[in-house]
Amino acid sequence: MDIDFDAEDLAFQREVRAWFEANTPPELRRKTITGEMLQKDEIVRWQRRLDAQGWLVTGWPQEHGGPGWTPTRRYIFDLERAAASAPIGLSMGVIMLGPVLMAFGTPEQRAHYLPRIRRCEDWWCQGYSEPGAGSDLASLKTAAVTDGGDYLVNGSKMWTTYAHWATHMFCLVRTAATGKKQEGISFLLIEMDRAGIEVRPIVSIDGEHSLNQVFLTDVRVPKKNLVGREGQGWDIAKYLLTHERTSIAGVAECKALLANLHAAAAERRSGGRPLVEDAAMRLKLARAEIELMALEYTNFRVLAATAAGKAPGPESSLLKTMGTAVQQTLSELDIDIAAEKAWPWRERGEFGRGRYAHAMERYCYSRAATIYGGSDEVQKNVLAKMLLGGGAR
Amino acid sequence: MDIDFDAEDLAFQREVRAWFEANTPPELRRKTITGEMLQKDEIVRWQRRLDAQGWLVTGWPQEHGGPGWTPTRRYIFDLERAAASAPIGLSMGVIMLGPVLMAFGTPEQRAHYLPRIRRCEDWWCQGYSEPGAGSDLASLKTAAVTDGGDYLVNGSKMWTTYAHWATHMFCLVRTAATGKKQEGISFLLIEMDRAGIEVRPIVSIDGEHSLNQVFLTDVRVPKKNLVGREGQGWDIAKYLLTHERTSIAGVAECKALLANLHAAAAERRSGGRPLVEDAAMRLKLARAEIELMALEYTNFRVLAATAAGKAPGPESSLLKTMGTAVQQTLSELDIDIAAEKAWPWRERGEFGRGRYAHAMERYCYSRAATIYGGSDEVQKNVLAKMLLGGGAR
Amino acid sequence: MCSPRCCSAAARAKANAMNFDLSEEQKMLRDAAQKFLRAEYGFDARNRIVASETGMSREHWRRFGEFGWLGVALPEAHGGFGGGMVETIQVAEPMGAALVVEPYLASAVLGAQAVARAGSPAQQAAWLPGLASGKLVLVLAHTEDDSGHQLAHVAARAAAERGGWVLSGRKSGVLGAPWADGFVVAARTAGAVHERRGISLFMVGAKTPGVQVAGYRVYDGSRAGDLLLDAVVLGRDALLGVEGEGLGLLEQLIDIGIVAACADALGAMGALLRKTVEYTGTRKQFDVPIASFQVIQHRLVDMFAAIEASRSLLLMAALHAEHPDAAARSRAASAAKAGIGERARFVAQQAVQLHGGVGMTEELDIGHYFRRLTLFCHLFGGSDHHLQRFAALRAAA
Amino acid sequence: MCSPRCCSAAARAKANAMNFDLSEEQKMLRDAAQKFLRAEYGFDARNRIVASETGMSREHWRRFGEFGWLGVALPEAHGGFGGGMVETIQVAEPMGAALVVEPYLASAVLGAQAVARAGSPAQQAAWLPGLASGKLVLVLAHTEDDSGHQLAHVAARAAAERGGWVLSGRKSGVLGAPWADGFVVAARTAGAVHERRGISLFMVGAKTPGVQVAGYRVYDGSRAGDLLLDAVVLGRDALLGVEGEGLGLLEQLIDIGIVAACADALGAMGALLRKTVEYTGTRKQFDVPIASFQVIQHRLVDMFAAIEASRSLLLMAALHAEHPDAAARSRAASAAKAGIGERARFVAQQAVQLHGGVGMTEELDIGHYFRRLTLFCHLFGGSDHHLQRFAALRAAA
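Chains as they are written, first to last, in the numbering used here: chain A, 1 to 393; chain B, 1 to 393; chain C, 1 to 397; chain D, 1 to 397.
Keep in mind the hints are simulated off the structure, nothing from the lab.
All residues carry an ideal CB built from backbone N, CA and C; glycine is no exception.
It is possible that some hints are incorrect.
Listed next, the in silico DMTMM-like pairs over lysine to aspartate or glutamate satisfying Cα-Cα at most 25 angstroms (straight line) [as the list claims (entries may be wrong)]:
{"id": "1", "chain 1": "D", "residue 1": "K275", "chain 2": "A", "residue 2": "E332"}
{"id": "2", "chain 1": "D", "residue 1": "K284", "chain 2": "A", "residue 2": "E183"}
{"id": "3", "chain 1": "B", "residue 1": "K385", "chain 2": "D", "residue 2": "D145"}
{"id": "4", "chain 1": "A", "residue 1": "K385", "chain 2": "B", "residue 2": "D376"}
{"id": "5", "chain 1": "A", "residue 1": "K180", "chain 2": "D", "residue 2": "D325"}
{"id": "6", "chain 1": "A", "residue 1": "K255", "chain 2": "C", "residue 2": "D384"}
{"id": "7", "chain 1": "A", "residue 1": "K385", "chain 2": "D", "residue 2": "D287"}
{"id": "8", "chain 1": "A", "residue 1": "K181", "chain 2": "D", "residue 2": "D287"}
{"id": "9", "chain 1": "C", "residue 1": "K284", "chain 2": "B", "residue 2": "E183"}
{"id": "10", "chain 1": "B", "residue 1": "K224", "chain 2": "B", "residue 2": "D235"}
{"id": "11", "chain 1": "B", "residue 1": "K385", "chain 2": "D", "residue 2": "D302"}
{"id": "12", "chain 1": "B", "residue 1": "K238", "chain 2": "C", "residue 2": "D287"}
{"id": "13", "chain 1": "A", "residue 1": "K141", "chain 2": "D", "residue 2": "D287"}
{"id": "14", "chain 1": "B", "residue 1": "K255", "chain 2": "D", "residue 2": "D325"}
{"id": "15", "chain 1": "A", "residue 1": "K385", "chain 2": "C", "residue 2": "E278"}
{"id": "16", "chain 1": "B", "residue 1": "K385", "chain 2": "D", "residue 2": "D325"}
{"id": "17", "chain 1": "D", "residue 1": "K275", "chain 2": "A", "residue 2": "E208"}
{"id": "18", "chain 1": "B", "residue 1": "K180", "chain 2": "C", "residue 2": "E342"}
{"id": "19", "chain 1": "B", "residue 1": "K385", "chain 2": "A", "residue 2": "D376"}
{"id": "20", "chain 1": "A", "residue 1": "K238", "chain 2": "C", "residue 2": "D302"}
{"id": "21", "chain 1": "A", "residue 1": "K31", "chain 2": "D", "residue 2": "D145"}
{"id": "22", "chain 1": "C", "residue 1": "K207", "chain 2": "B", "residue 2": "E350"}
{"id": "23", "chain 1": "C", "residue 1": "K275", "chain 2": "B", "residue 2": "D235"}
{"id": "24", "chain 1": "D", "residue 1": "K275", "chain 2": "A", "residue 2": "D6"}
{"id": "25", "chain 1": "B", "residue 1": "K40", "chain 2": "C", "residue 2": "E362"}
{"id": "26", "chain 1": "B", "residue 1": "K141", "chain 2": "C", "residue 2": "D302"}
{"id": "27", "chain 1": "A", "residue 1": "K255", "chain 2": "C", "residue 2": "E363"}
A few chain B residues that face chain A, going by a derived Cβ cut-off under 8 angstroms, partial list only [stated by the list, open to error]:
{"id": "28", "residue": "P107"}
{"id": "29", "residue": "A280"}
{"id": "30", "residue": "L283"}
All chains, please: the whole structure from these sequences, using the hints.
Structure representation (structure tokens):
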């Protein structure tokens with residue numbers, strides 16, 4: 001769509017590009033390119049820097065500190081940020097909790113939490129999945145039972161990303177055990193320093209610790225921490241899906257990754273010849289780029305339909321399956337280009353600083369894309385329902 | 001396995017090769033290569049020629065006129081026959097009914113029918129499928145009701161290949177409407193000139209007429225035409241599967257087709273350069289050949305296991321899905337190589353005699369491979385049952 | 001029914017970065033085409049046309065002209081609608097959905113655009129009004145036996161003689177050839193068979209002495225032919241565009257031809273999905289509709305996803321069709337052709353598979369869509385050709 | 001437990017055209033390896049080995065030697081079992097299934113076979129008994145940074161000096177390097193970097209002055225390293241095989257290395273299928289075991305079919321491993337590597353997918369198989385490299 005940017009958009013593009021060029025710390029850039037995991041303080045520092053520029057909560061309305069950009073500008077911003085190998089730096093607070101509080105929160109909740117999210121004073125994690133409830137989220141069992149003015153929460157949350165760094169968790173809990181499974185679910189905010197919370201690390205197959213299991217034993221949570229009404233949790237979770245839509249496809253990240261793959265394939269040699277001259281590699285890179293184009297224009301179409309006021313439907317399932325397929329294809333290509341350069345595992349010395357040192361970690365972790373957030377199989381069930389006339393669920 | 005042919009096998013191979021070279025009519029060879037349909041008299045003449053040489057019923061035991069070859073020789077024979085672009089020339093009588101009569105037929109049935117099959121005096125068609133019963137074969141409805149010493153047959157058979165050429169049909173009929181669906185099925189032989197039989201052509205998407213629907217209205221069939229016991233039809237149909245096993249994979253035909261594809265890709269030019277030098281074409285041809293190698297050795301393994309007396313299991317489902325995948329891949333490649341040379345449709349003049357004139361017809365018809373004889377989806381259901389411990393059905 | 005002529009060309013909004021909706025006029029164009037074709041170009045009517053002596057309905061063709069579809073992207077001065085690629089694909093998609101055999105792509109897109117883009121005022125006046133109204137058929141004859149889809153591979157030659165031209169050579173795989181009143185023929189006025197310079201385009205009347213058409217039925221129901229040019233004598237004014245510089249126009253024509261063909265394919269793919277969803281919802285096996293099997297459901301979803309991705313690629317290519325940077329335009333066209341080609345094959349194969357036995361019969365329309373989409377896969381070069389063209393254009397950029 | 005030594009080498013039947021069953025001895029070899037590894041090389045024991053300082057268990061290695069597995073394809077005169085590729089894969093497959101990290105492929109196949117095939121009597125006597133017994137580790141160092149998997153691309157050089165050799169250069173991606181007592185190094189004694197002639201192989205002790213190993217942990221749990229050779233002075237007797245003619249042996253070694261690696265991968269793939277069938281049969285979602293979903297069932301079938309096809313390709317390659325025609329041998333090896341490589345990736349990815357969240361955890365063995373199979377995909381060159389090698393060898397034939 002570059003063909004249609006107007007002069008002001010182009011000026012904006014130059015401004016963003018220049019800023020990221022000047023302000024992205026080289027170490028963050030290196031980690032973004034190689035796929036090495038960022039540490040908490042790096043992320044916080046980077047997010048505060050973006051916030052200082054007014055560029056952290058780009059999807060929020062202006063009244064809450066957002067920049068008030070058109071969709072075109074947000075698109076340009078995302079592309080430039082990714083192209084500069086600047087970390088995405090968006091927290092679950094910014095992408096997920098913020099919009100929920102704006103739509104469902106009390107004035108007090110908004111006034112208290114939104115500025116703290118924007119300034120990165122709180123670190124939020126998401127408590128959705130449970131050991132027994134993966135893609136079948138509605139069968140979750142963590143219970144919040146009224147006890148005076150409080151809830152008493154018991155249960156366990158699984159796959160909680162960065163729970164060990166978090167100060168708060170927003171989570172889905174069961175407040176009623178009767179009726180339709182979905183209707184007994186509520187949306188609750190919990191401070192992580194409350195008594196009865198234990199966080200146990202889960203090391204994933206990339207060798208990293210970002211996931212956790214969170215155990216909640218008689219955790220006392222005041223009722224003012226409830227978002228929306230009791231039993232509204234499922235609706236809130238669904239609402240969130242529509243707000244994840246811009247990020248779900250991951251177009252900007254994929255474009256940046258593809259550009260890096262081309263650079264890598266031009267640099268790596270096989271029999272002394274650049275890998276990019278290999279016929280099979282060229283075909284694969286071309287095919288991946290075309291898949292990415294299809295993803296990008298599908299994303300445009302969904303955004304346009306949403307902007308035109310069409311009800312959010314199963315498009316998010318389509319975008320998720322298309323987007324994760326592209327992401328996984330690219331990470332596969334990445335590891336194929338790296339080949340034996342990616343053999344060193346979690347090395348931090350000389351071997352850990354190479355261009356390909358963490359390609360395998362990224363490839364491993366990329367497999368989660370079709371599991372978390374509703375597995376690929378579940379997304380296709382949703383789409384089948386729509387196709388066969390059952391409507392979106 | 002050419003590495004292990006002994007001197008006698010090699011002599012046999014030379015003999016077979018020489019014979020086909022000298023005896024395959026050029027017109028049949030042309031039709032085999034281009035995929036043009038053979039006519040009935042061509043097939044009959046060719047089969048009688050093979051029979052005169054003792055090479056028609058290669059899978060039959062010697063007592064019934066078979067050549068008594070080892071599996072190695074049958075394998076060599078099939079390869080050489082296909083490599084010479086000689087038509088496969090095997091009728092349903094030879095492959096299917098013959099083995100059934102040997103195993104289940106009465107001495108009278110064997111004495112009467114087997115020599116007639118071998119000499120191509122009868123042309124047999126197979127009446128299995130019905131309009132309502134495709135892959136769910138057990139739900140067939142064509143009924144044979146006892147009426148004195150005869151059956152009175154009513155119903156309809158679908159997708160009956162060459163019924164319009166046939167003198168006889170072997171078919172599955174329902175002789176009991178109670179109990180398990182499979183148990184009420186019997187195996188019956190019906191002369192096609194009996195009163196009450198009507199054959200209606202079905203033109204398939206290759207534009208050809210080989211399929212038919214056969215209507216049976218009060219067709220009187222003597223009980224001596226029953227093969228095996230009443231209710232044994234399902235077992236007989238299953239038994240047949242094990243006898244189709246050598247042919248189900250279609251290795252020899254695929255090898256011959258692949259050789260033809262290589263020749264075609266060397267001859268066709270794009271931008272003046274032979275298509276076989278195109279990088280993408282080379283990759284596809286290589287991949288197809290490797291798939292074919294995997295098929296061939298899987299076929300060897302299954303044959304070896306069967307020869308070693310292992311009970312026939314769901315391997316036939318595996319061979320069918322693997323074999324049809326290879327066949328369809330090759331016919332896709334064929335049409336891709338032909339491209340606009342395959343545009344002329346069912347032309348019989350100048351355009352009809354070109355190397356690629358019937359590639360599209362072949363490609364169209366190849367789609368049936370994953371539908372007939374138990375669809376791909378049904379084969380996978382069978383394999384899943386085995387994997388998950390349900391055993392073969 | 002609303003003819004697109006009733007809408008002013010100026011009123012049509014250009015799609016911009018975040019506006020992917022069609023204008024009202026564009027929607028009306030598409031809806032009108034859908035409506036007419038459903039009513040007047042049903043499967044039976046279509047089969048009668050295919051089986052007829054000429055294999056095309058001049059009557060329908062003239063109606064298409066009346067509705068403005070044939071001149072949708074031609075200048076208003078010559079009886080056109082003044083639209084562009086976005087309008088063209090609004091017409092092409094319903095044509096694919098209705099299995100139209102008349103030469104929309106061959107004549108209304110390729111032939112007409114050749115003249116519209118490079119024709120002299122006299123050539124435009126001679127051809128465009130007739131093309132827009134459906135009176136004339138003009139097709140592009142550029143491929144030869146060994147050329148594959150390397151556009152620069154032209155062996156036919158034109159020699160300048162006595163103030164005119166003499167053309168000799170063979171062209172093969174010419175879409176719509178038996179119906180053509182004229183051909184736009186690519187021939188060499190200079191250079192060796194592979195050279196980029198030296199290719200010129202000529203307007204050749206079908207009845208010109210020395211022009212011989214060997215026509216045949218194509219497996220999708222249309223007609224095509226080989227063209228034998230035996231010392232065809234043409235006037236000086238037969239040259240289309242600049243002598244020796246025809247390749248650029250040829251590349252442009254093929255790129256827009258690809259976009260139109262992709263829209264046609266999308267129409268056919270959409271029809272197949274609709275029909276397959278319907279069929280699997282009613283066809284019973286093992287006592288239940290086969291659409292109740294999860295494997296069938298996910299297959300339908302894969303078809304749906306393939307179609308949505310194809311629509312996105314089509315849109316992308318249509319928006320790049322007039323891109324000033326020829327490499328960007330060609331990359332977009334090749335991306336669409338490669339990406340939609342692979343998906344068209346998948347959707348066609350799965351539609352037959354899920355229809356089972358009846359999908360294999362000539363009686364049903366499924367197989368006809370299957371053949372149309374197979375033709376699409378090879379039109380202007382297959383997916384692999386365009387993947388490699390796409391890669392080469394990136395490497396060159 | 002039966003050691004393969006108890007069976008006479010002569011008693012083993014060669015597989016012939018229609019005999020695809022293993023001999024009793026071959027079956028015993030495989031069963032014994034399976035049984036021992038299941039009992040003594042469980043996932044926990046294995047993880048302790050991986051986490052240890054050296055990352056390998058010398059104790060297990062010696063046991064492997066005692067059982068005859070390390071010398072299974074070495075001559076009986078040097079303490080081997082006298083078998084061939086069919087025997088080798090009987091051992092390699094259970095090793096893959098047990099995620100063994102010790103250098104079976106690197107040392108017992110590549111290193112030992114180099115000496116067995118090209119070594120002088122003195123070299124054989126010096127190395128083979130120790131390799132067979134598990135006392136020594138000898139690995140092949142042939143790849144360099146820019147070589148990819150073009151075996152002729154060797155830049156390291158060996159100069160003949162004062163009756164011996166002086167070696168200089170860098171080798172990268174050397175499997176088992178940190179554990180090696182010695183290296184078989186490919187270096188150029190003549191010719192330019194790409195030339196087929198001029199490559200020679202040298203026996204280099206790990207402790208020779210000038211040899212430096214930069215070792216690292218590999219993501220599959222094993223160890224590898226880069227090798228820096230800085231004017232390493234070797235005796236005349238360090239040359240392995242004929243000067244300048246090393247490429248043929250190298251190609252032969254890689255081909256048999258591929259077959260052994262394929263067997264290892266097949267072991268891992270089989271283990272994944274077994275575990276995934278088991279898991280999906282017990283894991284419930286939407287109140288039923290996920291294996292009751294047809295989509296999951298067909299996915300398991302696809303994994304099964306991938307494994308069966310892989311076993312067929314492995315068998316084919318093993319039976320061609322000593323084929324007198326080098327091109328036939330290499331085509332078989334490349335076919336297996338390309339075909340099994342694509343299937344290994346599919347099976348590994350689907351095993352993780354069907355295990356869902358727990359499949360993503362380091363605690364379960366699934367992810368470890370996933371990484372081992374990913375390494376296999378790149379070992380000796382990826383599927384695309386071997387597809388192209390396969391095609392080139394046909395074109396050359």
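Comparing the hints with the structure gives:
With a C-alpha separation of about 24 angstroms, the suggested pairing of K275(D) with E332(A) holds against the 25 angstroms cut-off. For the hint linking K284(D) to E183(A), the alpha-carbon distance of about 21 angstroms falls within 25 angstroms, and the restraint holds. Pair hint K385(B) plus D145(D) does not hold up; C-alpha atoms about 49 angstroms apart against a cutoff of 25 angstroms. Note on K385(A) and D376(B): the hinted pairing holds, with a Cα-Cα distance of about 24 angstroms set against a maximum of 25 angstroms.
Of the supplied pair hints, the one linking K180(A) and D325(D) is violated, its CA atoms being roughly 70 angstroms apart against a limit of 25 angstroms. For the given pair, K255(A) sits about 23 angstroms from D384(C) by alpha-carbon distance, which is consistent with the 25 angstroms threshold. This hinted pair checks out: K385(A) and D287(D) have alpha carbons roughly 19 angstroms apart, not beyond 25 angstroms. Restraint check for K181(A) and D287(D): satisfied, since their Cα atoms lie roughly 12 angstroms apart, inside the 25 angstroms limit.
Between K284(C) and E183(B) the alpha-carbon distance is near 22 angstroms, which keeps this suggested pair within the 25 angstroms criterion. Taken as a hint, the K224(B) and D235(B) pair is honoured in the structure, with Cα atoms around 19 angstroms apart against an allowance of 25 angstroms. This hinted pair checks out: K385(B) and D302(D) have alpha carbons roughly 13 angstroms apart, not beyond 25 angstroms. Distance check on the hinted pair: K238(B) and D287(C) sit about 22 angstroms apart at the alpha-carbon level, within 25 angstroms; holds.
This hinted pair checks out: K141(A) and D287(D) have alpha carbons roughly 14 angstroms apart, not beyond 25 angstroms. For the suggested pair K255(B) and D325(D), the alpha carbons sit about 21 angstroms apart, so the restraint of at most 25 angstroms is met. The suggested pairing of K385(A) with E278(C) holds, with an alpha-carbon distance near 14 angstroms, which does not exceed 25 angstroms. Straight-line distance between C-alpha atoms of K385(B) and D325(D) comes to about 43 angstroms, which puts the hinted pair past the 25 angstroms bound.
This hinted pair checks out: K275(D) and E208(A) have alpha carbons roughly 24 angstroms apart, not beyond 25 angstroms. For the hint linking K180(B) to E342(C), the alpha-carbon distance of about 45 angstroms lies beyond 25 angstroms, and the restraint is violated. For a cut-off of 25 angstroms, the pair hint linking K385(B) to D376(A) stands: about 24 angstroms separates their Cα positions. With a C-alpha separation of about 24 angstroms, the suggested pairing of K238(A) with D302(C) holds against the 25 angstroms cut-off.
Of the supplied pair hints, the one linking K31(A) and D145(D) holds, its CA atoms being roughly 23 angstroms apart against a limit of 25 angstroms. For the hint linking K207(C) to E350(B), the alpha-carbon distance of about 23 angstroms falls within 25 angstroms, and the restraint holds. As the CA atoms of K275(C) and D235(B) are separated by approximately 37 angstroms, the hinted pair breaks the 25 angstroms bound. Pair hint K275(D) plus D6(A) does not hold up; C-alpha atoms about 57 angstroms apart against a cutoff of 25 angstroms.
As the CA atoms of K40(B) and E362(C) are separated by approximately 22 angstroms, the hinted pair is consistent with the 25 angstroms bound. Under the criterion of a C-alpha separation no larger than 25 angstroms, the hint pairing K141(B) with D302(C) is inconsistent with the structure, at around 34 angstroms. Note on K255(A) and E363(C): the hinted pairing is violated, with a Cα-Cα distance of about 47 angstroms set against a maximum of 25 angstroms. The closest approach between the C-beta of P107(B) and any C-beta of chain A is roughly 56 angstroms, which is over the 8 angstroms cut-off, so the hint fails.
At its closest, the beta carbon of A280(B) sits 6 angstroms from a beta carbon of chain A; the interface hint therefore holds under the 8 angstroms criterion. Given the 8 angstroms rule on beta carbons, the hint for L283(B) holds: about 6 angstroms separates it from the nearest Cβ of chain A.
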